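Asker: Going line by line, the protein sequences match chains A and B. According to my numbering, the first sequence is numbered sequentially starting from 1. According to my numbering, the second sequence is numbered sequentially starting from 1.
It should be emphasised that the hints constitute simulated quantities derived from the structure, not laboratory data. Since the model is a prediction, treat every value here as computed from it, not as a measurement. We put the beta carbon where it would ideally sit given N, CA and C, even for glycine. Heads up, some of the hints might be wrong.
According to the in silico footprint, chain B covers these stretches of chain A (three or more CB under 8 Å from chain B) [stated by the list, open to error]:
| hint | stretch |
| --- | --- |
| 1 | 33-41 |
| 2 | 84-98 |
| 3 | 124-134 |
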Amino acid sequence: MKVHQLELRINNEKRMVVVRSADTLLAVLRRNLGLTGAKPGCLNGDCGACTINVDRLPMKSCLMLAIECEGKEITTIEGMHNTPMQQAFVEHFAFQCGYCTSGFIMNAHSLIHNRPNADNQMMKEWLDSNICRCTGYEEIERAVKDVLRKNSQIQ
Amino acid sequence: MRTVGSSVVRKEAWQKVTGTAKYTDDYAFAGLLHAKMVVSTMAHAIITSIDTTEAEKIPGVRAVLLGGSYPLVGEAIRDRPPIAVGKVRYHGEPVALVVADSPVLAKKAANSIQVLYEPLPVVNSATQAFEAGATLVHEKLGEYKRDNEIHPPIPGTNIASHVKIRKGDMEKGWQECDSVVEASVSLSISDHAAMETRCSIAEIGPDGKIKITTSSQAPFMVKRLISQYFGEDMGKIVVETPLVGGAFGGKAAVQLEILVYLASKAVGGRPVKLRNEREEDILTSPCHIGLDATVKLGSDRHGKIKAANIRFLWDGGAYSDKAVDLTRAGAADCTGPYAIDNVWCDSYCMYTNHPYASPFRGFSHSELSFAIERTMDLLAEKVGMDPLTFRKINAIMPGNTTPTRVLLNNSNVGNLPKCIERVHELIQWDEGEMIALDERFVRAKGISCSWKTSTIDPDAPSGVILTFNPDGTINLMSGVIEIGTGTKTVLAQLLAERLNMDVNNIYVKMDVDTQTTPEHWKTVASRGTFMAGKAVLQAAEDVIRQLKAIASCVLRAPIEDLDVADSRVFFRDDPGNGVHFKEIAYGYQYPNGNSIGGQIIGHGHYILRGLTHMNPETGEGRPGPEWTVTAHGIEVLFDRRDCTYKVLKAITVVDIGKVLNDKAARGQVMGAMSLGLSFAGRETFVFDSLGRVRNPQLRTYRPLHYSEAPEYMVEFVETPQIDAPYGARGVGEHGLLGIPAALANALSTAAGVSLQKLPLVPEMIWKAKEHVRP
Numbered sequence: 001m002k003v004h005q006l007e008l009r010i011n012n013e014k015r016m017v018v019v020r021s022a023d024t025l026l027a028v029l030r031r032n033l034g035l036t037g038a039k040p041g042c043l044n045g046d047c048g049a050c051t052i053n054v055d056r057l058p059m060k061s062c063l064m065l066a067i068e069c070e071g072k073e074i075t076t077i078e079g080m081h082n083t084p085m086q087q088a089f090v091e092h093f094a095f096q097c098g099y100c101t102s103g104f105i106m107n108a109h110s111l112i113h114n115r116p117n118a119d120n121q122m123m124k125e126w127l128d129s130n131i132c133r134c135t136g137y138e139e140i141e142r143a144v145k146d147v148l149r150k151n152s153q154i155q
Numbered sequence: 001m002r003t004v005g006s007s008v009v010r011k012e013a014w015q016k017v018t019g020t021a022k023y024t025d026d027y028a029f030a031g032l033l034h035a036k037m038v039v040s041t042m043a044h045a046i047i048t049s050i051d052t053t054e055a056e057k058i059p060g061v062r063a064v065l066l067g068g069s070y071p072l073v074g075e076a077i078r079d080r081p082p083i084a085v086g087k088v089r090y091h092g093e094p095v096a097l098v099v100a101d102s103p104v105l106a107k108k109a110a111n112s113i114q115v116l117y118e119p120l121p122v123v124n125s126a127t128q129a130f131e132a133g134a135t136l137v138h139e140k141l142g143e144y145k146r147d148n149e150i151h152p153p154i155p156g157t158n159i160a161s162h163v164k165i166r167k168g169d170m171e172k173g174w175q176e177c178d179s180v181v182e183a184s185v186s187l188s189i190s191d192h193a194a195m196e197t198r199c200s201i202a203e204i205g206p207d208g209k210i211k212i213t214t215s216s217q218a219p220f221m222v223k224r225l226i227s228q229y230f231g232e233d234m235g236k237i238v239v240e241t242p243l244v245g246g247a248f249g250g251k252a253a254v255q256l257e258i259l260v261y262l263a264s265k266a267v268g269g270r271p272v273k274l275r276n277e278r279e280e281d282i283l284t285s286p287c288h289i290g291l292d293a294t295v296k297l298g299s300d301r302h303g304k305i306k307a308a309n310i311r312f313l314w315d316g317g318a319y320s321d322k323a324v325d326l327t328r329a330g331a332a333d334c335t336g337p338y339a340i341d342n343v344w345c346d347s348y349c350m351y352t353n354h355p356y357a358s359p360f361r362g363f364s365h366s367e368l369s370f371a372i373e374r375t376m377d378l379l380a381e382k383v384g385m386d387p388l389t390f391r392k393i394n395a396i397m398p399g400n401t402t403p404t405r406v407l408l409n410n411s412n413v414g415n416l417p418k419c420i421e422r423v424h425e426l427i428q429w430d431e432g433e434m435i436a437l438d439e440r441f442v443r444a445k446g447i448s449c450s451w452k453t454s455t456i457d458p459d460a461p462s463g464v465i466l467t468f469n470p471d472g473t474i475n476l477m478s479g480v481i482e483i484g485t486g487t488k489t490v491l492a493q494l495l496a497e498r499l500n501m502d503v504n505n506i507y508v509k510m511d512v513d514t515q516t517t518p519e520h521w522k523t524v525a526s527r528g529t530f531m532a533g534k535a536v537l538q539a540a541e542d543v544i545r546q547l548k549a550i551a552s553c554v555l556r557a558p559i560e561d562l563d564v565a566d567s568r569v570f571f572r573d574d575p576g577n578g579v580h581f582k583e584i585a586y587g588y589q590y591p592n593g594n595s596i597g598g599q600i601i602g603h604g605h606y607i608l609r610g611l612t613h614m615n616p617e618t619g620e621g622r623p624g625p626e627w628t629v630t631a632h633g634i635e636v637l638f639d640r641r642d643c644t645y646k647v648l649k650a651i652t653v654v655d656i657g658k659v660l661n662d663k664a665a666r667g668q669v670m671g672a673m674s675l676g677l678s679f680a681g682r683e684t685f686v687f688d689s690l691g692r693v694r695n696p697q698l699r700t701y702r703p704l705h706y707s708e709a710p711e712y713m714v715e716f717v718e719t720p721q722i723d724a725p726y727g728a729r730g731v732g733e734h735g736l737l738g739i740p741a742a743l744a745n746a747l748s749t750a751a752g753v754s755l756q757k758l759p760l761v762p763e764m765i766w767k768a769k770e771h772v773r774p
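Full structure from sequences and hints, please.
Answerer: Below, the structure is given as structure tokens:
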């Protein structure tokens with residue numbers, strides 16, 4: 001079995017890992033690095049529970065190989081500390097069981113960073129890549145819009 | 001009220017938004033082995049051979065388990081081999097289990113196992129299973145061990161259970177009817193699709209101690225069942241459940257726990273993890289029950305319903321497990337929330353060659369409501385009455401009896417007419433049921449009502465322990481699982497309210513383990529707040545008594561003169577004079593060093609009062625404590641050209657008794673509505689003619705996504721349930737109950753044809769419209 005030694009940049013830290021060619025980034029995050037915030041939901045890119053940011057864009061870590069990620073800047077939910085999006089999710093009850101939450105926050109966090117003027121249509125396009133089975137999505141919509149609104153007021 | 005009613009932030013909120021919340025699969029450690037199932041590719045077939053030679057050669061494979069040497073399992077009827085023996089009865093059934101050093105090796109080994117089958121005729125629906133001469137799913141139905149309280153299976157048929165309701169005088173009832181309608185409806189099996197797939201870890205110590213960590217709604221049931229099935233001492237079994245990533249009833253069944261226990265046993269007790277991949281979670285683990293129903297309703301010329309004859313054929317799948325209870329629950333509330341004096345219901349739990357059922361949010365009630373509410377619209381039309389008025393004049397009220405003849409009063413049933421009135425206003429019913437926008441598009445509205453009691457075991461317990469910290473803060477321990485409902489935060493609110501203290505000074509233990517957490521039967525049936533809430537209030541009285549006892553020594557005052565608030569015990573007539581909890585919660589020390597008392601530990605428990613089994617011939621009995629009632633409305637935008645539609649508005653008004661946490665309650669109701677829209681509008685297992693499921697992925701079995709959510713309107717009516725904590729009724733499931741029916745009613749109006757099949761996909765609507773035979 002072929003293995004590779006990689007240096008990954010995750011949450012502003014350099015981490016050395018030994019991985020198989022076929023290991024997904026999700027598996028390496030969870031198993032090798034103990035970063036279990038990204039969740040396996042389908043391992044097929046359908047549910048978005050494993051969403052992280054790679055070079056500030058939302059990516060499904062179940063669809064990326066770890067060996068693709070050298071030299072890239074990876075941010076997981078563990079790299080988020082009291083961000084406006086996390087605060088908004090808490091305030092608006094934008095989660096119930098919490099299993100999809102890391103993925104939703106990473107997606108939404110990237111959305112406000114990359115598309116600070118997102119309208120409803122753009123929010124739909126971005127947030128449709130994740131599934132939440134507990135809420136009616138309305139709470140998530142409120143949380144994201146709250147952060148977008150506050151950001152536009154600051155500007 | 002200080003805490004009750006306010007939207008207290010959930011206790012586990014910051015864990016969940018930082019990724020530090022731990023679910024079962026997040027636990028891993030050196031030495032953990034991994035199991036992988038080999039599952040059946042056929043729905044009904046004889047296993048002619050299983051070749052494990054290649055798998056056993058793979059280095060790192062520690063065991064390969066096949067069926068044959070294990071006892072049969074199953075909750076109501078022990079009809080299920082944990083691993084198939086001789087034949088398979090559903091697509092996805094486990095036929096072998098591999099244990100290896102890593103998930104990759106386990107999968108590789110599982111893939112190398114060759115299983116050969118000889119196909120058998122497939123029972124592909126509940127109706128087919130019921131037909132005379134149908135292929136038998138279980139040939140030896142009469143030989144299985146079973147729970148004595150259930151209505152027994154009928155050998156030589158596919159009937160696992162037959163529950164009867166016989167109320168009133170049917171002959172007289174039909175004679176009083178001027179209008180009678182009969183309708184048949186059906187809905188196919190679907191899935192819970194909780195975002196966390198099921199996962200279990202087991203290890204067995206040298207002393208025989210069995211430790212199981214599992215994503216379950218019922219860890220205490222895991223303990224009982226492993227003990228019963230395998231003769232293990234109950235005290236040696238410790239089941240731990242961390243946070244659970246959604247459940248919706250699917251994690252109330254016990255399945256992987258059994259497999260992983262057997263796997264650990266096969267490798268000398270070493271720890272083994274078994275985690276479902278999504279496809280296994282959909283196919284192999286228990287799913288959402290299906291139903292074929294026939295409903296005959298009749299009313300007099302004033303629109304008063306006089307008689308109902310109902311037949312439910314539940315598609316319980318290949319093994320009966322919880323389907324027997326679902327069949328009973330459906331019978332108990334079979335009429336929906338209407339006062340009907342003459343009721344005849346036959347509710348059959350049918351075996352088929354489909355994946356087997358576990359509870360699904362609503363426990364048979366959204367399904368039966370679809371059948372009843374569709375028929376209600378048809379009868380209203382026949383009587384020539386507005387469907388909303390028709391429901392209102394038949395709405396169940398205090399003084400009426402349920403199908404099982406429970407007399408309702410002002411406490412044990414909510415106010416349905418009031419719920420209907422609010423829906424009437426919110427959906428702007430008077431503007432018309434259907435408005436044509438142009439030649440293509442119409443806006444159409446549908447309404448429905450529902451109700452539910454919780455038909456749980458009459459002796460189901462719930463307990464709470466409170467311990468104090470030296471700083472006077474309190475730890476709350478309850479066996480309720482945090483599956484997403486926020487119940488444990490609500491329990492803290494109830495405690496804070498009773499002790500009149502800051503809820504931030506109460507810490508809640510989120511994880512449950514069956515050795516140190518008092519039992520809460522199962523986190524199901526919207527009973528967490530009621531039962532554990534009652535236990536919390538009793539525990540609160542216990543600690544108040546203890547706090548006052550020690551404070552009365554310290555303050556040299558009679559107990560009657562003392563009061564408790566803001567983490568202090570003080571003189572009622574002089575609130576400034578008293579002691580803080582921190583001075584007495586760990587005993588009190590006098591200035592000279594003498595000490596009295598000790599850590600204050602309180603407890604409370606609750607068991608449901610006065611429930612009975614149902615009479616096997618008439619159904620008479622008290623199956624649950626109270627009935628929460630709901631009314632729903634849905635407005636759709638329907639395209640008459642291609643039968644596509646968009647849900648514009650979804651409304652639920654529920655009599656919740658008392659709102660304990662506003663945002664949490666709204667979230668529960670809205671989430672349930674979303675689940676209902678998804679299951680009614682699109683979710684179904686697509687079976688081929690051989691009974692195989694063609695869509696076991698979230699890409700092909702596609703739940704509602706963000707952009708597909710309608711506008712939600714949620715309102716509460718508050719008719720207190722007198723014996724419940726602050727009057728609150730169960731509400732975890734109720735947002736879902738009438739949603740499939742309301743959607744079907746709206747679309748039937750829009751399409752101009754009665755739609756009697758779920759899910760309501762455009763193709764089905766088009767076929768119904770064009771009278772195309774399926």
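Asker: Work down the list of hints and note, for each, if the structure agrees.
Answerer: Verification of the hints:
As drawn, the stretch 33-41 of chain A meets chain B at 7 residues by the rule of a beta-carbon pair under 8 Å; at three or more, the given contact holds. Closer than 8 Å: that is the beta-carbon criterion, and the stretch 84-98 of chain A has 10 residues meeting it against chain B, so the requirement of 3 holds. For the stretch 124-134 of chain A, the stated coverage by chain B holds: 9 residues have a C-beta nearer than 8 Å to a C-beta of that chain, and at least 3 were required.
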